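Peer 1: Modelling step: build the complete structure from the supplied sequences, incorporating the hints.
Here are the chains, one letter per residue:
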Amino acid sequence: MRREDLSAIAAAFAIGVLFGLGLTISQMVSPEKILNFLDLAGNWDPSLLFVMVAAVAVTFIGYRWVLARPTPLLGDRFQVPTRTDLDARLIAGAALFGLGWGVAGYCPGPAVTALSLGDAKTFAFVAAMLAGMLAYNAFDRVMSSLTSAAPPAKA
Amino acid sequence: MENFTPLTALAGGALIGLAATLLLWTGGRIAGISGILGGLLPPFARDWGWRLAFLLGLASAPPLWGIVAGSPIAASIPPPLTLMIVGGFLVGFGTRLGSGCTSGHGVCGVSRLSPRSAVATVTFMLVGFVTVFVVRHLLGF
Chain W
52 MRREDLSAIA AAFAIGVLFG LGLTISQMVS PEKILNFLDL AGNWDPSLLF VMVAAVAVTF
112 IGYRWVLARP TPLLGDRFQV PTRTDLDARL IAGAALFGLG WGVAGYCPGP AVTALSLGDA
172 KTFAFVAAML AGMLAYNAFD RVMSSLTSAA PPAKA
Chain Y
12 MENFTPLTAL AGGALIGLAA TLLLWTGGRI AGISGILGGL LPPFARDWGW RLAFLLGLAS
72 APPLWGIVAG SPIAASIPPP LTLMIVGGFL VGFGTRLGSG CTSGHGVCGV SRLSPRSAVA
132 TVTFMLVGFV TVFVVRHLLG F
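Note that the protein sequences, when read in sequence, are chains W and Y. Counting from 1 along the first sequence, just add 51 to a position and that's the residue number in my numbering. Counting from 1 along the second sequence, just add 11 to a position and that's the residue number in my numbering.
Quick caveat, the hints were computed from the structure, so don't treat them as lab data. Note that the structure is a prediction, hence the values are computed from the model and not measured. Heads up, a few of these hints could be off.
Calculated Cβ distances over 10 Å to all of chain Y for the following chain W residues [stated by the list, open to error]:
hint, residue
1, Arg54
2, Asn87
3, Asn94
4, Val177
5, Val193
6, Ser195
7, Ser199
Derived list of chain Y stretches under chain W, where covered just means 3 residues or more per stretch with a C-beta under 8 Å from a C-beta of chain W [claimed, not checked]:
hint, segment
8, 30–42
9, 111–120
Glycine included, every Cβ here is placed at the ideal spot set by N, Cα and C.
Peer 2: So this is what it looks like as structure tokens:
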């Protein structure tokens with residue numbers, strides 16, 4: 052393994068901690084907080100909206116600064132999605148995700164972050180989420196073999 | 012809105028944005044948690060090292076913050092176990108089918124002004140609102 056790769060791995064750990072601190076401080080590790088945001092007809096808590104707006108504002112500025120550079124610090128190229136088309140998979144996938152999010156109150160980031168809190172419900176959610184991802188991979192293989200076309204590009 | 016916490020929400024969001032910026036700057040990667048996690052499942056991504064490191068970093072954050080804050084972090088999880096399992100499966104399948112989740116589409120994609128991410132974000136938000144209305148107010152969970 053190249054020294055650059057090891058540096059990138061160390062950086063990814065530190066950046067993961069930073070991302071996780073953001074989720075922890077804003078209490079996004081609590082499904083109750085997420086569900087109270089999604090509950091427009093109840094005791095609505097707009098906190099999640101504030102998290103998103105602040106995150107997007109910083110990322111919007113940060114990405115412009117970063118993407119003005121030729122290459123990343125520890126890699127060969129920026130791996131940014133290039134697709135702009137809207138397809139059925141995107142919409143159906145987002146809808147299924149929204150359904151699961153509304154049912155459980157977790158999305159992937161907060162769920163992985165909350166694993167260290169040791170709640171059995173979080174373990175169950177993450178295990179089921181991994182099963183769902185594996186089921187998607189199987190579904191994708193079946194669909195690809197049926198259409199016998201190249202597998203669709205990820206965005 | 013008695014539970015509204017605007018300041019910690021803005022501070023946490025800013026940290027998330029900073030982390031997303033740093034991940035692109037250092038490794039050239041989008042901070043999409045479902046995509047990062049998906050690469051650790053078969054067929055395994057060749058670059059699994061940084062993916063695992065990032066996720067370990069995520070999970071390290073609550074105990075670290077608990078030490079700094081002087082009190083342990085607690086998560087409140089109201090849905091019953093069955094709903095956590097059903098929801099988890101849907102989140103796993105849906106985020107892979109739709110190529111992203113709240114972080115990849117909602118934060119990183121929207122920040123890049125990606126039309127796909129904007130449509131995905133509006134879709135999962137709207138479905139989330141409707142789902143919670145049905146689950147909490149019609150089914151009474």
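Peer 1: It remains to establish, for every hint, whether it holds in the given structure.
Peer 2: Structure-based check of each hint:
1. Arg54: Non-interface label on Arg54/W holds, nearest chain Y Cβ at 13 Å vs cutoff 10 Å.
2. Asn87: Given that some Cβ of chain Y is not farther than 10 Å from that of Asn87/W, nearest at about 6 Å, it is violated.
3. Asn94: 7 Å, violated
4. Val177: 7 Å, violated
5. Val193: 13 Å, holds
6. Ser195: It holds; Ser195/W is separated from chain Y by about 13 Å at its closest Cβ, greater than 10 Å.
7. Ser199: At about 19 Å from chain Y, Ser199/W clears the 10 Å cut-off, so the statement holds.
8. 30–42: holds (count 13)
9. 111–120: Our answer is that it holds, as 9 residues pass the Cβ test (under 8 Å) against chain W, meeting three.
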